[in-house]
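Visitor: When you get a sec, could you build the whole thing from the sequences and use the hints?
There are 2 protein chains.
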Amino acid sequence: MSLEKDAKTGKFLEAAKACHNICRLHGVHLLINDRIDVALACDADGVHIGQSDMPVAVVRTLLGPEKIIGVSCKTPEQAQQAWVDGADYIGCGGVYPTNTKVNNLTVGLEGLKTVCLASKLPVVAIGGISVSNARSVMELGVPNLKGVAVVSAMFDTESILVETQKLHAVLMETRAVVK
Amino acid sequence: MSLEKDAKTGKFLEAAKACHNICRLHGVHLLINDRIDVALACDADGVHIGQSDMPVAVVRTLLGPEKIIGVSCKTPEQAQQAWVDGADYIGCGGVYPTNTKVNNLTVGLEGLKTVCLASKLPVVAIGGISVSNARSVMELGVPNLKGVAVVSAMFDTESILVETQKLHAVLMETRAVVK
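Protein sequences appear in the order of chains Z and X. So the first sequence is residues 1431 to 1609, counted in my numbering. So the second sequence is residues 1431 to 1609, counted in my numbering.
Derived DSS-like pairs (lysine-lysine); straight-line CA-CA distance at most 27 Å:
hint	chain 1	residue 1	chain 2	residue 2
1	Z	1447	X	1497
2	X	1441	X	1531
3	X	1497	X	1438
4	X	1576	X	1531
5	Z	1497	X	1438
6	Z	1497	Z	1447
7	X	1576	X	1550
8	X	1543	X	1531
9	X	1497	Z	1441
10	X	1438	Z	1447
11	X	1441	Z	1438
12	X	1497	X	1447
13	X	1497	Z	1497
14	Z	1441	X	1438
15	X	1531	X	1438
16	X	1441	Z	1441
17	X	1441	Z	1531
Note that these hints are calculated values from the structure, not bench results.
Guide: Laid out in structure tokens, this is it:
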């Protein structure tokens, strides 16, 4: 739900509920960006939070033990802390430059690898990843790198369906699709 | 906490906690604007929500029966709905034009009176209210008009303390201070 960052809470919740209904039909988890209240209100499967959002330990208290919590991490220290605080996975990036997020530090493939090696949690790579470079990311060869997160690669394209199918095919080939 | 609308969640929560500590020392309730998650995380006394925020009934479910829920209402219909949905009070305005909120419809003293007469809940007047016009508002003569909410009148002044004391004096004179 990263596109909803500036939405009013009411509209955000409506969009979240609509997404959740679609996700349920396909057995897919829905995680809400930042807004724990919206996640609670639509009974989402979890949240994704950044380093400037609510602390992970507080989020865990609000959501209980069952919900999924993901945390954006750029460094080994942040990855370690996310694990200590009770996160379920981390997102690491930007792997490549991206227009989706302004002022976002690019960590590169080396930065991603460093964080993966330091992390006790599964890692999802994010930032400028598309069909053209997803293979390079997934072939880094670190076992806890479990997948990629994309925004532009799907939504800044002519056909979301076609691009998603292409990306899915690449990920299937690398046998590292997020489970 | 209306000044925190654009703050990142982490900073918002820190500010809310700091405010809550000060409020507790003085026996004053802290209500958080819009963000139910921040209210939950700092155990605030309640929230204030707008018509574009999360629905009151959902907020009541998330916060439980004890917390205070206030709702911004501009019409008798909204006031009625807020009561049905389990709100504790309503805020009505803008009574006068204000720079605090952009694109905010001014309802005037007549609009405020109409809403007060239709409301089963206590009403707090808001919007462009200051020392110079608070008396006109409080002397509308509707028993459930219980007080005023101010932002600019305190914070766009040289001395917040002095302006607050002046406003408090006016409200005490009208014997309609919020309890």
